[in-house]
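Chemist: Spelled out, the chains give:
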Amino acid sequence: MEAVLKTAFPFMVITAGVLIGFQMVLMIVAYTVLAERKVLGWMQGRVGPNRVGPWGVLQPFADLLKFIFKEDITPDKSTKFVYFLAPLVALTCALLPIVVYPFGPEITSVDWSFLPMGLGEGVKALPLTIARIDVGVLFVLGITSVGVYGIMLAGWSSNSKYSLMGGLRSSAQMISYELAMGASVIGVVLLAGTLDLGGIIRAQQQSTFRWFIIPQFIGFVVFLIAAFAETNRTPFDLPEAETELVAGFHTEYSALKFALFFMAEYVNMFTVSMMCTVLFLGGWYVPGLSHVFEVGSIPYAVVSHFAFIGKICAFLFLYIWVRGTLPRFRFDQLMNFGWKFLLPVALANVIVTIIVVFFLNR
Amino acid sequence: MVGTALFFLFAGFAIMCAISMVYHKNPLYSAISLVGVFISLSCIYITLAAPFIAAVQILIYAGAIMVLVVFVIMLLNLDDDSGPNRLKYLYTLGGGLGVVLLAQTFFIFYAVMRASNVPSDQTLSAGKTLTIGQAMYTEYLLPVEIVGILLLMAIIGSVMLARRLAQPQLEIVVERESELRNDEQ
Amino acid sequence: MEPSLASYLALSGILFTIGAVGVIFKRNALGMFMCIELMLNAVNLTFVAFSRYYGDTTGQLFVFMVMSVAAAEAAVGLGIIIAFFRNKQSIDVDEASILKN
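Sequence order for the protein chains is H, L and V.
First residue of the first sequence: 1, per the working numbering; consecutive thereafter.
First residue of the second sequence: 363, per the working numbering; consecutive thereafter.
First residue of the third sequence: 548, per the working numbering; consecutive thereafter.
Treat the hints as calculated values from the structure; they're not laboratory data.
Here a beta-carbon is modelled for each residue, glycine too, at the ideal position from N, C-alpha and C.
The reader is advised that the hints may include incorrect statements.
Said to hold, decoys possible - Distance condition first, Cα-Cα at most 27 Å in a straight line; then the derived DSSO-like pairs of lysine-lysine:
1. H/161 x L/387
2. V/635 x H/80
3. L/387 x V/635
4. H/124 x L/490
5. V/635 x L/490
To be verified - Coverage of chain L stretches by chain V, computed from C-beta distances (three or more under 8 Å per stretch; other residues unrestricted):
6. 379–385
7. 406–414
8. 461–467
9. 507–519
Pulled out of the complex, with its shape left as it was, chain H reads as follows:
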């Protein structure tokens, strides 16, 4: 019994970590939707939702109930299996990258020997990461690129011309901007010398400028623009352009299937913001915090964690701000911008970084 428990204990801890992490992310995402409606309302001189609960804070739950009770329609002559699969793929691929991000520094000051049956034996540190893998950056990029399938399959299986147009547009857009995104990440990887996300944060602590946004400012801007395109947000929201394509790839979706797409879009915003924070803003690292609290103690971890969430929320606000400000691109402008401007700039940035790193390391 004891042996079984000892074997199963790490799995239980990881499962608990996954549940807590996903739950928190989904809560933040739900409130991002509310924040978007509120902030857009203020920008346009309106009030925004304020009926459900005080200042409308219960609005996300009301929306969820509404989604559940709507009628679930499947269009005639659609390929049922693919139609069903598409939203699942979209949300899964949006959520998966969360497991590799470090949400905070390791907690090393706690003595875990108080746990019963010797479960805490040999445990030195509690990492605030669900899975530490060697190739975190590649994993995140890979899963993000698999996420395109959700949108493409949705567009193809709906058997509607608006959906097909939306699916085609989005796949072309995502293939194009993925290149620029990957090229802008290379600069950071070159400076850090590792593909591990935790390692990148550690490299930023030891670097001269503390945050990679200073030496890699061009990479940061390219990444941010590509991130807007990858998440299909304004000014790159052509796949779901309301005024041209009704709603693009999810025109034919209703009820919970639509809710899954909706959630996938916002979770994608969150994970891309997280990637941007880790790569360019030092992740959970706050310069000078190690002088206030002891490294590895619980208050240090808590403050770092909230700093991390705060940086992500700043990016989420930027998304909403841009949506309230900029108009939409035309499709040929989008393609020209991606291939003829963004990609060359990103490649030039890579070349300059290679030269600088080469001479610094000599």
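Starting from the known structure of chain H, fit chains L and V onto it as the hints suggest.
Modeler: For chains L and V alone, kept in the frame of chain H given last:
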């Protein structure tokens, strides 16, 4: 124990997806099944302590190549595969080839099983990104350069292939034709 | 306990067989293309399995090369398929018989 269970889970999924890829007439279903094969193979690579290859497998195969294939399927709006094959003897040939290859597989399986069991090397440095990168840019520099040139050639070649023939030339030909006809009349 | 080297080779052999049979049975160019990708992947699996069991990085490097070649092949192959479709309005390889007679 866990390793074996995971292996049989992913291996079964890979084989099922591979069979469904060959079985389905609709190219989009084939493509989705193939993505299933790639993802399960990537999971097997992780159990083989090769995280870099697993990530690159997802990034290149599932994320780039198959997205392009699905994009082409949607762009051309392909229907189901055409009906009965005109070359009937291909079915016998294919079946025969399949039997031969399967027999070979089982022969290899038995031969390797009977041979002295190779102990798996537990030093996990082989799959690390650092080791792969060092090997790539020291010992295997020439193959990497050749692959780079190959990719450049592929880029140029695909641009040349996808380029539309200049339309004005066609119009000139048509005009000349009509002029000639007018002269004849 | 880990699965033995032989079981990886067996899986790779089965996948390769399915791919090879598929190339012969499929009539459309995209299907054949996908079957070839499956065969390449089966070979990659043997490389990675050997690399694991002999503790050598070379196998994984070869997998990387194979993937790059597959990517190049995809770019050119899909370009050819689109060009073919433009001429024939079909991607059935039986239609590619202009040189007959």
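Chemist: Quickly compare the C-alpha distance for residue 635 of chain V and residue 490 of chain L to 27 Å and report which way the hint goes.
Modeler: Since the Cα atoms of residue 635 of chain V and residue 490 of chain L sit roughly 48 Å apart, the hinted pair is violated (cutoff 27 Å).
Chemist: Can you tell me if the region 406–414 of chain L counts as covered by chain V, using C-beta to C-beta distances under 8 Å and a minimum of three residues?
Modeler: holds (count 6)
Chemist: Between the alpha carbons of residue 124 of chain H and residue 490 of chain L, is the straight-line distance 27 Å or under?
Modeler: Holds, at roughly 24 Å.
Chemist: Closer than 8 Å Cβ to Cβ for three or more residues is the test here. Does the region 507–519 of chain L pass it with chain V?
Modeler: Since three or more residues must qualify, the claim that chain V covers the region 507–519 of chain L holds, with 7 doing so at under 8 Å.
Chemist: Between residue 161 of chain H and residue 387 of chain L, does the CA-CA distance stay at or below 27 Å?
Modeler: holds (23 Å)
Chemist: Using a Cβ cutoff of 8 Å, are there at least 3 residues of the region 461–467 of chain L near chain V, or does the coverage claim fail?
Modeler: With 4 residues closer than 8 Å to chain V, the region 461–467 of chain L meets the three-residue bar; holds.
Chemist: Would the hint linking residue 387 of chain L and residue 635 of chain V be met if the CA-CA limit is 27 Å?
Modeler: Roughly 20 Å separates the two Cα atoms, so the pair holds.
Chemist: With the threshold set at 27 Å, check whether the alpha-carbon distance from residue 635 of chain V to residue 80 of chain H stays at or below it.
Modeler: violated (30 Å)
Chemist: At least three residues with a C-beta closer than 8 Å to a C-beta of chain V: is that true for the region 379–385 of chain L?
Modeler: Coverage by chain V holds here, the residue count being 4 at a Cβ distance below 8 Å.
Checked against the numbered hints above, the structure breaks hints 2, 5 and satisfies the rest.
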